[in-house]
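Number of protein chains: 2
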Amino acid sequence: MAKLFIGIDLGGTNIKIGAFDSDLNIIGKTSAPTENAMSPDDVVKRICENTEALIKNISSTLDDVAAIGIGSPGPVNLEQGLIVAAPNLPLFRNVPLRQMIVDSLNKPVILENDANAACLGEFTLGAAKDVNDMVFFTLGTGIGGGIISNGRIVHGHKDAAAELGHIIIHPTGRLCGCGQKGCAEAYASAKSTVARAKEALEAGAESSLSEIKDITCKDIYNHAKAGDKLALEITEGTADALGLLCVNMLHTTGPEKIVFAGGVIAAGDFLLNQIQAAFDKHIWPMKKEPLEICFATLGQDAGIIGNAALAKQSCPTN
Amino acid sequence: MAKLFIGIDLGGTNIKIGAFDSDLNIIGKTSAPTENAMSPDDVVKRICENTEALIKNISSTLDDVAAIGIGSPGPVNLEQGLIVAAPNLPLFRNVPLRQMIVDSLNKPVILENDANAACLGEFTLGAAKDVNDMVFFTLGTGIGGGIISNGRIVHGHKDAAAELGHIIIHPTGRLCGCGQKGCAEAYASAKSTVARAKEALEAGAESSLSEIKDITCKDIYNHAKAGDKLALEITEGTADALGLLCVNMLHTTGPEKIVFAGGVIAAGDFLLNQIQAAFDKHIWPMKKEPLEICFATLGQDAGIIGNAALAKQSCPTN
Numbered sequence: 001m002a003k004l005f006i007g008i009d010l011g012g013t014n015i016k017i018g019a020f021d022s023d024l025n026i027i028g029k030t031s032a033p034t035e036n037a038m039s040p041d042d043v044v045k046r047i048c049e050n051t052e053a054l055i056k057n058i059s060s061t062l063d064d065v066a067a068i069g070i071g072s073p074g075p076v077n078l079e080q081g082l083i084v085a086a087p088n089l090p091l092f093r094n095v096p097l098r099q100m101i102v103d104s105l106n107k108p109v110i111l112e113n114d115a116n117a118a119c120l121g122e123f124t125l126g127a128a129k130d131v132n133d134m135v136f137f138t139l140g141t142g143i144g145g146g147i148i149s150n151g152r153i154v155h156g157h158k159d160a161a162a163e164l165g166h167i168i169i170h171p172t173g174r175l176c177g178c179g180q181k182g183c184a185e186a187y188a189s190a191k192s193t194v195a196r197a198k199e200a201l202e203a204g205a206e207s208s209l210s211e212i213k214d215i216t217c218k219d220i221y222n223h224a225k226a227g228d229k230l231a232l233e234i235t236e237g238t239a240d241a242l243g244l245l246c247v248n249m250l251h252t253t254g255p256e257k258i259v260f261a262g263g264v265i266a267a268g269d270f271l272l273n274q275i276q277a278a279f280d281k282h283i284w285p286m287k288k289e290p291l292e293i294c295f296a297t298l299g300q301d302a303g304i305i306g307n308a309a310l311a312k313q314s315c316p317t318n
Numbered sequence: 319m320a321k322l323f324i325g326i327d328l329g330g331t332n333i334k335i336g337a338f339d340s341d342l343n344i345i346g347k348t349s350a351p352t353e354n355a356m357s358p359d360d361v362v363k364r365i366c367e368n369t370e371a372l373i374k375n376i377s378s379t380l381d382d383v384a385a386i387g388i389g390s391p392g393p394v395n396l397e398q399g400l401i402v403a404a405p406n407l408p409l410f411r412n413v414p415l416r417q418m419i420v421d422s423l424n425k426p427v428i429l430e431n432d433a434n435a436a437c438l439g440e441f442t443l444g445a446a447k448d449v450n451d452m453v454f455f456t457l458g459t460g461i462g463g464g465i466i467s468n469g470r471i472v473h474g475h476k477d478a479a480a481e482l483g484h485i486i487i488h489p490t491g492r493l494c495g496c497g498q499k500g501c502a503e504a505y506a507s508a509k510s511t512v513a514r515a516k517e518a519l520e521a522g523a524e525s526s527l528s529e530i531k532d533i534t535c536k537d538i539y540n541h542a543k544a545g546d547k548l549a550l551e552i553t554e555g556t557a558d559a560l561g562l563l564c565v566n567m568l569h570t571t572g573p574e575k576i577v578f579a580g581g582v583i584a585a586g587d588f589l590l591n592q593i594q595a596a597f598d599k600h601i602w603p604m605k606k607e608p609l610e611i612c613f614a615t616l617g618q619d620a621g622i623i624g625n626a627a628l629a630k631q632s633c634p635t636n
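In the order they appear, the protein sequences are chains E and X. My numbering applies: residue 1 is where the first sequence begins, and numbers increase by one. My numbering applies: residue 319 is where the second sequence begins, and numbers increase by one.
In case anyone wonders, no lab produced these hints; they're calculated from the structure. All of these numbers come straight from a predicted model, not from anything done at the bench. It is possible that part of the hints are untrue.
Heads up, simulated DSS-like pairs for lysine-lysine below, C-alpha to C-alpha not over 27 angstroms straight-line [unchecked claim]:
1) X:347 <-> X:374
2) E:218 <-> E:229
3) X:347 <-> E:158
4) E:158 <-> X:599
5) X:499 <-> E:281
6) E:181 <-> X:499
7) X:605 <-> E:158
8) X:499 <-> E:288
9) E:191 <-> X:599
10) E:288 <-> X:599
11) E:181 <-> X:476
One chain only, chain E, in its complex shape (with noise of 0.2 angstroms):
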């Protein structure tokens, strides 16, 4: 049997596994639920239990595993292995995830940030696997980043990089969730934008949305399409702050590709377009930049591919 390397995105509703050889080539995957309540202990005993029944499954056992890479929602300490905080798991301060694993798997074991690992996992296997710089964005009700320059994920000092939502683009605009004003973040996550659609509903606006009762982003979007002025010009608030966020990345680490990944992007070619148009009016007429702007291609997989491709970095035979 070849080696084994396992990936793993705990996340605050699922623990995603996969197991995969050493070209990366998936040769199972499962998943398992989180509730909300889990102690650290519940979870880290829901992850190995599934590792080894999932390892168990594709007719191999813990002997045939190289390494174990895991994501975890943040802040996390790297370099100590510590899940500081994790936003839907409330139970969590400080936890050893890394050495809770090792004990009980006895495999070497390495932490990564959800966002980092996804952006991994484009970088390996997925829309950026041609290039050797590239940004990451999730957009979610938040939005979280990556950023890989020369071929390495952009820790900085303290893993405190790649807060990318947090980056100021209007500094006397909107109040963000994180304190500042005017992040990206408070004008283009999924949270955001549902905001902003509703202010101007309550502000008189007309448009087809005020049919409906709970407005998701998912119909300001159909909204936008089908033509109704305020849903585009919303959606069009959301891609300008997109823009701007894509015009700064290429002036600080200088991607060749930029990849929106997230619930979102199921808007398609629609928001794509949308994105690259805030973009070209935005950046500076001098020269054609070399930097393409797309989709993420591994949906919910990018994070235990990405957490494979860490395990399988940290053995360095491989």
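Please arrange chain X on chain E, whose structure you already have, making use of the hints.
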């Protein structure tokens, strides 16, 4: 004789050259003027003649030189060793500077852009010598930048990284020389700081600056320190843009130190305190950020030191 590393800083008004030992102690330095009308051949001749004279002055020969690092105003193509263009040397267009110096001196030559080289100087021996992740800003006519992530210069795809003056902080704001709207440079460069003061005076603002015929950035800082209200507003505007850059860079590459260099830092603690206050105003309140904002310490020598460090890095055995 121990091995020597030569650091050369090519600028629009002069060429600085330093000779360093393998611990990067400076053994000797020299400089020679450049003129706007000089051809690439004339500049290379001047570089090489002065380098050879310096080496002779320190009782060494070219045989003692292990490698040469040279920093050039950009844009440069580092892989090919080309100066694509140089704002203050108009005859420079796609000049193969690296190869021309190799041909003349028959030594390994590394090319870097000038801001990255100065950044590496401060990283190696200056204000950021004790950290692994830094961001560097040069405040001059424009705003240049450099980023070091986990000990390595961030170059980006096609050397496009670290155009940090062109991060957009006010998307509907002042037009920058680059064609974008609202770049930090359009507020905080020496040129923009003076322009904002002149515009305010033309609009009728009262100020002790109105008595000066040709206002400089230095005048503005001096009058601000003396309590002039307009001058203070202008310097606060400059510091606000720089504080926003610090927030955005912290959220991007996660530096431990942000180092400001350039003529403007002669304004001293007055300016540094204003930048820190602007950072404190804009940064999220959720945690104390482990970031130090400070001024460069190497002055005019940062470039030659950084280029010598590059030369040393290029020799694996040193």
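A quick look at each hint next to the structure:
1. Using a Cα cut-off of 27 angstroms, the hinted pair residue 347 of chain X and residue 374 of chain X holds, with the two alpha carbons roughly 12 angstroms apart.
2. Between residue 218 of chain E and residue 229 of chain E, the direct Cα distance comes to roughly 16 angstroms. Compliance with the 27 angstroms bound is thereby established for this hinted pair.
3. With a C-alpha separation of about 38 angstroms, the suggested pair residue 347 of chain X and residue 158 of chain E falls outside the 27 angstroms cut-off, and the hint is violated.
4. Between residue 158 of chain E and residue 599 of chain X the CA atoms are separated by roughly 22 angstroms; this keeps the pair inside 27 angstroms, and the hint holds.
5. For the suggested pair residue 499 of chain X and residue 281 of chain E, the alpha carbons sit about 10 angstroms apart, so the restraint of at most 27 angstroms is met.
6. With a C-alpha separation of about 20 angstroms, the suggested pairing of residue 181 of chain E with residue 499 of chain X holds against the 27 angstroms cut-off.
7. For the suggested pair residue 605 of chain X and residue 158 of chain E, the alpha carbons sit about 13 angstroms apart, so the restraint of at most 27 angstroms is met.
8. For the suggested pair residue 499 of chain X and residue 288 of chain E, the alpha carbons sit about 17 angstroms apart, so the restraint of at most 27 angstroms is met.
9. Simply put, residue 191 of chain E and residue 599 of chain X have alpha-carbon atoms about 25 angstroms apart, close enough for the 27 angstroms limit, and the pair holds.
10. For the suggested pair residue 288 of chain E and residue 599 of chain X, the alpha carbons sit about 36 angstroms apart, so the restraint of at most 27 angstroms is broken.
11. Distance restraint check for residue 181 of chain E and residue 476 of chain X: the Cα-Cα separation of roughly 33 angstroms exceeds the 27 angstroms cut-off, and the hinted pair is therefore not satisfied.
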